[in-house]
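Q: Listed in order, the protein sequences are those of chains A and B.
Numbering follows this note's numbering, with no gaps: position 738 of the first sequence is 738.
Numbering follows this note's numbering, with no gaps: position 387 of the second sequence is 387.
Calculated from the structure, these hints are not laboratory results.
Don't take each hint at face value.
[Said to hold, decoys possible] Partner residues are not named here, just some residues of chain B that face chain A (Cβ under 7 Å, in silico):
| no. | residue |
| --- | --- |
| 1 | Ser54 |
| 2 | Asn139 |
| 3 | Tyr236 |
| 4 | Ala243 |
| 5 | Arg246 |
| 6 | Val253 |
| 7 | Gly255 |
| 8 | Thr257 |
| 9 | Asn360 |
Glycine is no exception: its CB is placed at the ideal position from the N, C-alpha and C atoms.
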Amino acid sequence: MNAASRRINKNTRFFCSQATWGSRRSRPGGQDHTGNMPNALALEAASAAHDGIDDSDRHNGDRARASLKQCGSQIILFFVLSMLSALGPAPSLAQDFIEDVQKMYIAYYGRPGDPGGLTFWSSKIREANGDLTLIAENFGNSKEFTDRFGSLSDSELVDNIYLQLLGRSADPEGLNFYVGKLQSNEPGWSLASIALRIIDGVPRGSADDSLIDNRLEFAGTFVRAVSDGLLTYEGDEQASALSSILSTVTMDPDSLTNAISSIYNDGDSDNVVDVYDLCPSTSTGIGVDSTGCPAVALDAFRFLSQSTYGVRPGDIDALLRNGTGQLAYDRWLKEQAKLPPTLSLKLVIDEIRRQGVASATAEVHGIRTDVWMQIAMTAEDQLRQRMAFALSQIFVISDQGAPSKYPLMVADFYDTLIAHALGNYRDLFEAVTLHPAMGLYLSMMGNRKSLPGTTLRPDENYARESMQLFSIGLSLLNQDGTRVEDATGAEIPTYGQAEVSSFARTFTGWNWACWWYATEGSCNFEEVSGENYDGADQNGGTSNQVKPMAHYENYHDSDEKQLLTYSGVTPIGGVIPAGTDGPRALGMALDNLFYHPNVPPFISRQLIQRLVTSNPSPGYVQRVADMFKDDGTGVRGNLFAVARAILLDPEARPQPGAEKAGKLKEPLLKVLQTWRAFNGRTANGRFTTQAFCCPGAGDPRSVLGQSPNQSPSVFNFYSPFYSPGGEIAQQGLVSPEMQLALESLLGQQLSYYAVQSIWRSRPNSSDELLPDDKFHSGAGDLLHLDFSPYIDMAGEPDALMNALSETLFGDSDQLSPQLRDGIRRLMDAYGPGPSPDADSEQVEIWQQRRVREAVFLILVSPEFAVQ
Amino acid sequence: MAAGSTSFSPYAYAQMPALADYKSLVCVFLYGGNDSWNTLVPYSQAEYSAYARSRGLGETWGLALERSQLLPITSDAGGSDGATYALNPNLRALQPLYDSGRLAIIPSVGPLLEPTTKEQYVDAKRTGHRLPVQLFSHNNQQDQWQSLNDGTDGRTGWGGRMVDQYESANPVGSLPTALAVGTQSLLITGNRSVPLVLGYSGEGELPLITWGAKSSVRGQILKDIFTSSSELSSIYGRAYGGANMRTLRYTEVLGRTLQSAPNIPSLPDFLPAGAGLKQQLRSVAKLIAMREQLGMTRQLFFVSMGGFDNHDALMTDHPLLLQQLGDAMQSFQGAMEELDVAKSVTLFTSSDFGRTLTSNGDGSDHGWAGLQFVMGGSVRGRRMYGSYPILELDSESEIGSGIFIPGFSADQYAATLARWFGVPNDLLPSIAPNLENFSVRNLEFLA
């Protein structure tokens, strides 16, 4: 079910409009090729709401935009009136006439033109060399007109045009004149041509003109939404609904915003969009940047920083190619969801073969993390990958534990996360539960029922951690993620030892799948073991390292089990009846957890923390949890819908300077963002952990404290509740990533960023002043950042800082004055530059040094540490 | 208050007059929950038999150690009536330390808010008897051990609150009183005390920002940038800047100190760098060796070992962990004696919880009461403090699955350590807030 099928309806949301106009400054490499193209509609449409921007900007039609701020709310709506793109491949010269056609639609049909109609009729006008009267006759003959207006008298028809266009009845003089012409059958006088004349007769700047502008604005918004696939134009049935909304638009700006919001908020529970404000354009708190332009790029940059492994040169332009803001983001999210998953296991196996190493060795863990890097840097399905990494920090396994002997199994486990990252949480939970890597890590593998007469009893490890960490957490939560408290203000535990024991009994009877050469079901619980991947694979089978665990019923405790109880509990009474077989019991147990009311807020809050902010407001958690509960189609646990709700929430677009907004970047993600921002390259095209060669041990863990599937325990690299001492704790806030901000690691990271940005030589350089690959042996893997776009700015610190700020923050003005001062001083330390007769090598060294020192300071700055 | 200022000047407060003597506490945290019952095993026949029965001696799923393999120790006092006990065979390194009086054992200790019997535990919900929240959960019980609060708001650790009282014990510009190796630690985080975290390498490496002709300019500019981060709007940016400021401030003195520290025979320089407990304790020993040069009179260290969550393969994995633990402790005690500072340094263990007595097939699960070691020249060793429970299901302090209620609270344990460190009695409640609920305030294992 997608947004396209929504219907138009009234709603009660009110917006005020405070529009701002401006043009986006040129971005590096992005010349404005369309600036001379007048876009009359775009400009006129919002002119009722604009103020104070000079005409040269206003006529920069493609880049013009307005914003509407929601009254009494932090939400600000951004409009980019980009008709060129909104209308797709229409002949560009026909753009001149779109506004005229739109006016005709409003006057004659009383509704916005649909994109197809606008394009068609503006082309016709173009063919007629701009003479609208030549097409008026045909424009007026339609089934829609007959159906909707065929029963009206001539006088009513003329009056209706006044109402639709100007919101008022015709004056008697005009009415008599036009009715007379209409009934005279004189050539050139049709209802459509009368509409045209009424339009032409409106004086510029009059009250009527303002009203028309507002109606055009509404019409234009609708057209863009249709073009963006958020709404469909469903023909006549919708036409009268649209018409009635349009009729509410007056010269009052509030009436416009009200009408616009009504087409997006229809109360249709059959639609995932309704849960949060999907605005017709970006909802952002960023406001305007230092030059007075709406910070569209900054907003987009933040969005991609939250949803990918880092913003590459060109990513923002690509994202905004067909519009801006929430519409563009939403389209991007949907496109991402359709991309095939990039999986790692096959790539790991290929690399093992290429290097000729055995599959079970410790170095394969290195290959696994190398492949992870490769995928993070190059895969197109960035949203899925970013979600998978977030999920890998909730459903934690680690090669620092029992899976250490099976690197391929760890890769396959990660693939399980990738495969389900935008799927359903319940499916993911089951796949994770039955994966042998999890079986080994949390010892459900080999778990067996108790033996009568002995003290042997089932293993409680998975029972406990799957509740505490993977589903419901320790204490009862409200849907907004806050704790439910008892009368004394104490938390209420979600489970006790009795439930742990029941789940432990439920999770009995699972062990390795049978060996590849054996008939399924022929293996013995007490003998079956993990297979060497090479052997199994080369002999035509598939290793049980990558097969879900198998069930051995004889070892399953099939007595009755009392699981969790809660309102609407499943199974009935929270009871697994005696005699239920193991696989069915497991499904019932996972359902028992899945439908527990804690799951939506518990999982949603953690995903928000991984993607957007450490301290989401209760409202934010609630909105996402609501989506977790029901994606609009009655589906619980839709992770794509959850990701979308997280990334499109107004709170993901914070106000500048918001103290608690955002989060500290995960150390590994900060490195990837750096690599991607500067177009990181290696000589051999591979992206590997060897890039960390200097000065650490070639292992992201030793430099960053973080590496995929290498956390020290099932409690991940940091706790979602971690709060460092000082003001963060005093304010009752958390900052999980601060748990890794250890002096020892920060020192390593200062070194790493210094080597990466200052000291690492240019590819193929023999320059001795830049200490080359001093630390490194495998130069082919050595990662180089591309600073070439900035070298020419070495002599202009301000230009350089603006450009670097754009690259790393999406906006030229995101560096603090203190940081700018520091950069300027460090650049100055290299002097004003070589003498005019210096050779080009000397000049380049001077340039490189100044640029690289600037980059270094930004990369290690507190500003860049925060997302 | 300037935002973030607390991060930058944790040592600006003077609480106590400068102290002439030197004392140092070293916490060895055993992450995952050490299996106590196989660390120290009942040895007298009746008690051993109960253990063997409960742990399935001879069964494929059994967890019991063979009696003949055990390392018996004798107690001058303490322990159950007439019962004797023995160390895990892989703790051979600790046997002479115990026998020579430098090691004490507290067999049953854990988080308790007030004295608790089995009946009180069972009826707690009805009677309102106060129990630590989220018993048996790793992170909560780690926090509980380290913070000693009621588990709901563990923002500071007992050691951190303790060293908050000792800011004047060490010179400004030297190292912080509290240092951890490798990981952040709640135990040594105070209201004002922000611990310094050393790397595993122990080399005192300086960041490579010091290279090149412009190194001093670059270094100064970095300091300026991190210092001014207190003016940033983002609370995360301020915290991050503060952490980097500490990094710059301390790595230099740390690097200089570690590089000029002497070779200590028991923890020799030729031991390769690594994350092992022995390497962590080598860094600690080197800083203790340099205490006079640094001007330190009080120090609190936190080192740790992971891997004790032995749900699986307990019989193969746990002995190896104990081997590492015992060897490292022995080496550290040797190093302290070589530095002639043994009377001033006390090492103690802590862990999430003890484990279940019963087997889950291949290991044990999360429990409550556990055993801890205290080692050093001031320890009243060759003794067990408090009783070792009878290892039977349904015995006096057993509450199901072979989980036992602790005999002593972690508050009593910590208060004993803090008292030795020099904390006056009237300040103990701020460090061990539950102490007042227990009649015994000092377990007397330190002289």
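Q: Does the CB of Arg246 of chain B sit less than 7 Å away from some CB of chain A?
A: holds, 6 Å
Q: Is the interface hint satisfied for Asn360 of chain B? The criterion is a beta-carbon contact with chain A at less than 7 Å.
A: holds, 4 Å
Q: Holds or violated: the hint that Ser54 of chain B contacts chain A, with Cβ atoms closer than 7 Å.
A: Interface hint status for Ser54 of chain B: holds (6 Å vs cutoff 7 Å).
Q: Against chain A, is Thr257 of chain B within 7 Å by beta-carbon distance?
A: violated, 14 Å
Q: Grab the minimum C-beta distance from Asn139 of chain B to chain A and call the hint holds if it beats 7 Å, violated otherwise.
A: holds, 6 Å
Q: Close enough to count: is the Cβ of Tyr236 of chain B nearer than 7 Å to one in chain A?
A: It holds, given that the least Cβ distance between Tyr236 of chain B and chain A is near 5 Å, below 7 Å.
Q: Closer than 7 Å between Cβ atoms is the bar; does Gly255 of chain B clear it against chain A? Give me holds or violated.
A: For Gly255 of chain B, the interface hint is violated, since the closest Cβ of chain A sits about 9 Å away, which is over 7 Å.
Q: Close enough to count: is the Cβ of Val253 of chain B nearer than 7 Å to one in chain A?
A: Not OK, violated: Val253 of chain B not within 7 Å of chain A, min 12 Å.
Q: For the hint on Ala243 of chain B, does the least C-beta distance to chain A fall short of 7 Å?
A: Since chain A brings a Cβ to about 4 Å from Ala243 of chain B, closer than 7 Å, the hint holds.
Checked against the numbered hints given earlier, this structure breaks hints 6, 7, 8; the rest are met.
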